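Visitor: Mind docking chain B on chain A? Use the hints.
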Amino acid sequence: MTALIASEKLTINRPGTTEPVLRDVDFHIVPGEIVTVVGPNGSGKSSLIRALLGHMPLIAGRIDRRAGLRIGYVPQRVQLDRSIPMTVRRFLSLPRWVGGQVAALALARTGVAGLEARQLTELSGGQFQRVLLARALLHDPHLLVLDEPTQGLDQPGIVAFYQLIEEVRRQTGAAVLMVSHDLLVVMGASDRVICLNGHICCEGTPQYVGNAPEYRALFGADSKGTLALYRHHHDHDHDHDHDPHHDCADHGE
Amino acid sequence: MLDDFLIRAVLAGLGLALAAGMLGCFVVWRRMAYFGDSTAHAAILGVALSLAFDLSIYAGTIATALAVALLVSMLTSRGHAMDTVLGVIAHSALAFGLVAISFVPSARVDLASYLFGDILAVGRSDLLWIWGGSFLILGLLCWRWQNLVTASVNEELAMAAGIDPRLERLVMSVALALLVAIAIRIVGSLLISAMLIIPAATARRFAATPERMAAIACIIAALSVLAGLWASLRLDTPAGPSIVASAAAFFMFAQVFRSH
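Chains A and B are the protein sequences, given in the same order.
Under the UniProt record's numbering, the first sequence has 121 at position 121, and the numbering climbs by one with no breaks.
Under the UniProt record's numbering, the second sequence has 143 at position 143, and the numbering climbs by one with no breaks.
A couple of the hints might just be wrong.
As the list claims (entries may be wrong) - Reference listing, derived: stretches of chain B covered by chain A, where coverage requires no fewer than 3 residues with Cβ under 8 Å from a Cβ of chain A:
no., segment
1, 24-38
2, 150-162
3, 202-209
For the record, the hints were derived by calculation from the structure and aren't laboratory data.
Note that this is a predicted model, so its numbers are computed, not measured.
Beta carbons: idealized from backbone N, C-alpha and C, even for Gly.
Pulled out of the complex, with its shape left as it was, chain B reads as follows:
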């Protein structure tokens, strides 16, 4: 059954949807949209390094995404404004990545597949990585759930309850790095943060509690994957952008309803 490329694509997409829906809520609550963009763009640099040194793409992207998260927190602690630092890092990481990848002849051919994803080419070992990473992210978030939600509402309240907000920020960075790694084959570096933000932003209108918002975001992300793949087959459009376009359509549709 797994031989069918479409089944593999659906499974890969659903694995991403689960993790992206839940993690995306924290990205929205903590206003980390731009932060997610930076780590996602850095993944291109990770791909270039992995190909050049013959490493696994997943290991390379996780490492660069973590390095970028570390760099961002180092620069902001030196007094640079957060959005400036992210503006510098997001685009320079992408630029360095594109330059680096031009030195790797084998990668120049499928540069587009790393920028926009190539879900229809997902293999069995990719599925293993994607679902393994997805479960790791879900496990991490569920384990830290109460602390993460408290720190997202107010850091002072969290500290008074004995929670270290720096630790929760680290948990977020690790989860984001993992997500970038599993998403790059599916929607590509440029559209990863869309999969984080659009389902969560759509779910916000229908949710009264953080838990319900996370659940609804997962469902919307999953529906976007299915609708996007279907559209991609019927209309012969690129799969990654079609998935994101479906998510955007759900978002627009949700605006019809009264906000919670």
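This is chain A alone, in the form it adopts within the complex:
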């Protein structure tokens, strides 16, 4: 399968500096795949997302997008301001107007049907994340990009949210690229995990990365057991042909 979006030897600087935050990153995601990027703070996870979305200048390397690629995006930490009145319904029509039926369908799909008239600021954290996801789904994206989508949710909320992501993938066939701090929970929900620390330290299936020495060096050996918290249900038929590989010995500088 051809990649929806791919990078080759991608190098970008930390915003406003000449210090590289990512070096030589080869990345790709194919239709229907769930890929999770994990890594410590400052490892360049969000920068990778922004670069792939075209919001950051490239220092070296290239990014190829499939022609006509539609991306649905849920940014990190959307701070809502009480000063701007905004119903859920109105929010879904930003910046492009959508019809009432389309809006209702998107909300139903993410499990928040009927919230149209509520103010965004009145929603719980979990409801708001689902509204953001509904908004990202409005224009039939080929790829969903979620930057730490479960910040501020409790453990059951996090597990439920990732179940919803899998459900959305199953229904729409959209590929999903996520950045996450909820290491082991999110890894269980993924087809492929990329462990990032300025460069790709290791990548492969969740099981492989969870056991990889590079991953353990970054996150600690005792982090393994909690993987059982979430069992990934393989109710889809992707060929897991990407051989896990690791290409670095020098991490965590």
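Guide: Coordinates of chain B only, in the frame set by chain A:
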């Protein structure tokens, strides 16, 4: 009919109310209250320069307001904190303006009219400027509406939708400069940002969507103009401050109602 100074004052005030009500919402949403103050205070410098070089007051105030907006974005991009930059610029622009105006003998006499407005002295050509500017601001905001609202909610979401937040900030700066120019004859440099913020802040309590808030803010601004002019005639008080005082009264009254 336009011969009557009161009719001209009402028309001028309503022209301002329309633009200030709508633009004021963005000032409140984007937390630009202090930014509005800076551009408004810079207008005094613009008045001094216009009088010294015999230019139109409107052209002079638009130019200085734009220059100040540019200066602010330049200084903040150099790493100064926004509120510090605005604190420096708002007050130094006013100070430089007052110093500059002292060199223009003709202006020293009606300094107060530029600081607090002189709506009762508005002439026909002023009306043309005020309504022309007001329509320009409304047109600009309506044209960019969806993008501006999206960028005001969240810049990351806006960028992902292909909107350049820097362009929307520029639109805001231009609209503010225009508004300062049309407002200086009506409420004066010191009270311009009050006309932006108070009606919008009052409307917030009654609105569920951005569009409704903008519409209500325009109505409240218009009512403030009418009430202020009426009070000014009845009580022989200065018109500009009376308009702002009426807006403040509406704001206090609105606090009685439950917030939306």
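Visitor: Run the structure past the numbered hints and jot down the numbers of the failing ones, going up.
Guide: Those not satisfied: there are none.
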